[in-house]
Amino acid sequence: MKAHLRLVLLWAVSALAAAAQLLPMAIRLHLKDGRKLDCVLVQRTAEGILVERRVGTTRAREPHRLEQIDAIQFPLPSILTSINVRALRDKQALEEAVQAVEQQYTAWQAFADIRGNHLPGLLRLYGALLERQKAYGTAARMYEQLQRIAVDEPTRLHATKRLAVCTFWTSTNGAALVALTNFVATAEDDAERAEFLFYAGVSYAQRGEHVAALFTLLKNPVFYSMHGAWEPRSLTAALASFAALERREEFITTCATLTQRFERTVWAAIAQDRLHALTCGTNLTALASITNYLAEEP
Amino acid sequence: MTLVRIVAGTAFLVVAAALAQAAQEERLDAEALYARGLNALTAGDFEVAAQSFQEFATRYANEPAMTAVMPRVYYALGCAWYNLRKMEKAVEAFEEHLRRAPTSPQRAEVVFRMASAQQALGDYGRAVKLYNELLRGFPEFEQGPDARFQMAVCYMAMEDYTNAIPALLWVRSHPRARELAGAAEALLIRCYLQRGMYQVALSNLVRVVRGRLAEDHVVLLGLAALQLGDYLYEDYNYEGALDAYRCVMRRGEMERRQRVRVARLQRLRSAVEKQSNQTWERVSMRERLAGLEAQCQAELEQLAGMPEFDTAWLMRLARCFYDVGRLWEACIAFRAVVEEYPQSGMVTTAHARLVLCLAQMRLFPTARAEAEAFLMRYPRAAEAPQIAFVKAESYLNEENFAAAEAELVKLLEEYPEHPSRDRAEFYLHLAQALQEKFTEARAGLERWRQTAAYAKSSAAVDVAYWYAMVLYFSGDYTNALAQLTAFLQQHPESIYAPDVLYRIGAAHYLLERYRDAAITLVQFTQRYPDHPLIWEARMLRGDALAALGQLDIAIRAYQELRPESGPYYHYGVAQIGKCYKSLQNYTNMVVLYQEYVATVPNSPQVVEGMYWLGWAYRQLGNLHAAREAYWDALARYGNQRAWWGFEEILKDLQRMYPGSNGVEELAQRLREEVSVQRARGRLTLASRLAMAEYYMLQRNGRTNEAEELARTFGARYPTNVLGADGLLFVARQAWQQGRTADAVPLFMQISREFAASPLRAEAELRLAQVARQRGALEEAARHLAAAEAAVQDVPTALEITIERAEHLLGVGEARAAIAKFEEVLANRAARGPLWPRALFGIASAYEELTDYVKAIPYYQRIYVMYAGYPELTAKAYYYSGRCFERLNKIQEAINSYRELLNDPRLEQYEEARYARERLKHLTGSNVLQTGEGSS
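Which chain is which? The protein sequence lines are A and B, in order.
Quick note on numbering: the first sequence equals residues 2 to 299 in my numbering.
Quick note on numbering: the second sequence equals residues 804 to 1738 in my numbering.
Warning: the hint list may mix true and false statements.
[Said to hold, decoys possible] Label-pair restraints from in silico Cβ distances:
hint : chain 1 : residue 1 : chain 2 : residue 2 : range
1    : A       : D39       : B       : S1006     : 55 to 63 Å
2    : B       : S1006     : A       : D114      : 51 to 59 Å
3    : A       : A188      : B       : A1209     : 37 to 45 Å
[Claimed, not checked] Just a sample of chain B residues kept apart from chain A, beta carbon distances all over 10 Å, derived:
hint : residue
4    : A871
5    : R929
6    : E945
7    : A1066
8    : M1088
9    : Y1144
10   : E1201
11   : T1506
12   : L1512
13   : N1630
14   : K1657
15   : M1668
16   : R1719
No wet-lab data here; the hints were simulated from the structure.
From the three backbone atoms N, C-alpha and C, an ideal C-beta is built for every residue, glycine too.
Isolated chain A, as found in the complex (with noise of 0.2 Å):
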């Protein structure tokens, strides 16, 4: 009990010490009463927060106790607008914004118990930066932990895509398969709905329905090769599957269309290396792996 304890009170002096980076700041209070104070927050304390506020001519400082607050609007953290995850351009950029954000989070988890904190659109932003960088597992945690506190339910539905994709990336049997079947027919947009494909696909691969897989991934080179890359990453998975069904010609005409549609790319360099392969005579079916087909664009 008394361990409990005293983690409850590390947790609390260390988030109250990570608050203090985001003091003060100028809020407005929504009160329970009904009371709306335009105020500076410039603690908060183990009770609520403590306001500065003008009264009159003077400035006075005054305590807010949590229950008497009904949600503060927060300044948006510029963090939120100031990183574009598409946009960051090398890994040393990815990894200080995967710093700066993972600081705020910590900062703002200090008001994970006050309506209106911007903790949902850290977890957001945090859990692209990690999908980004890879670490597919604490981006699930990130997004689980989205799910939980998000208070919209766009937000959640992110969420769960958003976790169906990590729980894709980290599991080698198509788990989530039916999660992002699901996915591709309520996505928003063709950008997204080609990239559910993608992984809809593999995962029929990975679960060895290859005639599913190549019915799946092909729609992309149909469909939306106008939406990114997932026309080259598409047929390149697709690779995986003509092999395990001895396709060799299909296999070879896929091959041929990643060199020569996109050209100097990762892709067509997978491509080049497979029908070099071939031509030495390895079998088709060695080269059936679908995980030897998943290489992104550095």
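Given chain A, work out where chain B should sit, using these hints.
Same frame as chain A, but now just chain B:
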């Protein structure tokens, strides 16, 4: 600069000054008129403004005092007309303005408006001229980019794409024209398309769509992409057409985006309209927004008038993928039509093509499922007979001939006028032939050949070929030969010709016309050296020559079976060996096997080669070389766990150590070798040598030593080091001692680990027997089939045949069982209990068929001829008695039971107890009396 500022700030002062010199009354009228026009213009009441300024112009245009003010009046009048979209009047007013004030500070704006007005009036030539004048005279004019864009639009309206392109290129890339860049991109594609510059149009299209550079122009781009795809397709540029088609969006998506755009444009226009200060730029913007809105609405209406847009696009996409050989993608597009647009007029065609595509991809179950769906949905469609045909054909392609036959029968019944009836009938008989239903196939193909309507059928050649093949495979070689020869004469260039020539040779051989066979086969081998049957033909030619006694030529024929022929090479070497053996040419035999061993050192067959090498040495009297060849074989290959054939070597080796000294010498060497090999960890070889010692001790009556060796064998050699022979050695011991539970796992291990070994046959046989005994008939059948596939030696083959017959009897196929038992009786190699077992089986089968009259003599032959097998004898007596009872021959039955009970050897069997019970039942006593005569 605003309209109000222009008119109020500049013109009003001029007007006031001019009017100061005029009469008071007139001045007041002019002032009031001017003020009214100005106020109305400011308030956006352009009707009143136009009326006021027009009246002013009518009254004072030629008034010298008004000369200075009139340009302003005409400017305002032009603006009012322009805003009322009275473009002709606006142009007139603006022209008058410029005539009166050639250096007007509003000149740029006026020229721009005049150009716009001409554009609105459809006089694109004048509009272009004015836009050009504006851009030359006022390169920094604020609306310059729009002027250039509109000029391009005018060029396009005049179908002058050559001049439109540079204007649009300028707009696309100029920083001041950023807002128009998307529209310029979209129009550029249209221009390139119209000029026939398809590749440029395509690269621009792909760049724009992928880069989302013209998101507001999806309909324009979509329609252009479809058109471009069609042009490229007609030029046979399928890859290009695919790229173009894949830039098209679905109609729903385009409509959704277009509606969003219309709503945005409406909001913008409304915001502009709400602004109180209507500058000419704002009015101009409002006009532009209204124009764009109208254009968007028109495009929406255009889309609404194209209900088949998506299906037409998908069909094009599918066709294109099909033409470039990407059938999976073609299927996806066809399926999209089928699943998403079931009401479309194209759905039947799309569905039919989906089926054909799937069949072509050899995805037969999927093709069939789609074919069934098609036939259920559109039974009356024109494509229905063809789809039904594809469905039936798919079974044939899957080699599911029974299902193919059933489906083809159904097809021919449902579509008696089927356009491919000739081929369907041919396929039906082909399916029968491939199920070995030769009688039906033969009759069917004969009927087909006699059908006059099929005389010119494209299937005629196939039918002729398959008719001959049916005769051939049904064993009617004489007629087959005639048909094959006729075929070759009539269709010498047919793709079947090589195969037919081979079959002619083979038919000659099977008819024992070896000379003709050899001649035909040599023709075949010379004419078709790359034919898949070449090795078989060379082998058969060798066999024909050997059968003719032409052993030297036969050897040369066999020598053509080179190592790359795989199993034929091994066969060829074995046959050459046999020829040398017949010719007693052991020297060449030695050379042959030395070469063989050197050529295929890693093949399990080499063990047999080493055996024959040693054998040949022995024939040459070189016992030392023979022994060393064997020891060499054992040392080199004996530790190969998966290999077999060492038993023969070890048996022959024993013959090379004759006499008691020899036995002792060999035993000593075997023991030494076992120790050496065990020390080296070569336990598989050691186990084989130990087994050899066991058999040698057995043969020489040293049973105790042999049993001691067998007892310790299992402990010394774990099952994971034993080869199939070692496992079988241990398993046989257990089996013979009735320890079935110990034997079965070993048989299973052989079955699992030694798929290629012929020793697997015995293991599978035992497993089949065990399975049958516990009633697992399916499992038994599986093991039996494996045994039949693996067996190479006659005794095991006969035992398997017996087991097969007993299995058939077990599953109720008594007649087939009798045939199998008779195979055993017909084989002189069948020894031991196999014959009485076969006799008993036949009797049981007849009993099963309730043919007791035929069953009894078979039982009788057992107890008359095979009394040495008491268990079978007891059974034979008892069952013959039962048969007599069923025939109501009670006395004969009683005699049989009494004979059984009179033989004390049979007392131990349960049949004796049954016989006693039956006897008591029939006679009322169990007194044994000698019968009056045995039955």
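For each hint, the structure was consulted:
no., hint, result
1, A:D39 / B:S1006: 55 to 63 Å, "56 Å, holds"
2, B:S1006 / A:D114: 51 to 59 Å, "57 Å, holds"
3, A:A188 / B:A1209: 37 to 45 Å, "44 Å, holds"
4, A871, "58 Å, holds"
5, R929, "41 Å, holds"
6, E945, "33 Å, holds"
7, A1066, "18 Å, holds"
8, M1088, "31 Å, holds"
9, Y1144, "14 Å, holds"
10, E1201, "15 Å, holds"
11, T1506, "53 Å, holds"
12, L1512, "46 Å, holds"
13, N1630, "43 Å, holds"
14, K1657, "54 Å, holds"
15, M1668, "58 Å, holds"
16, R1719, "63 Å, holds"
In the structure shown, no violation is registered for any of the earlier numbered hints.
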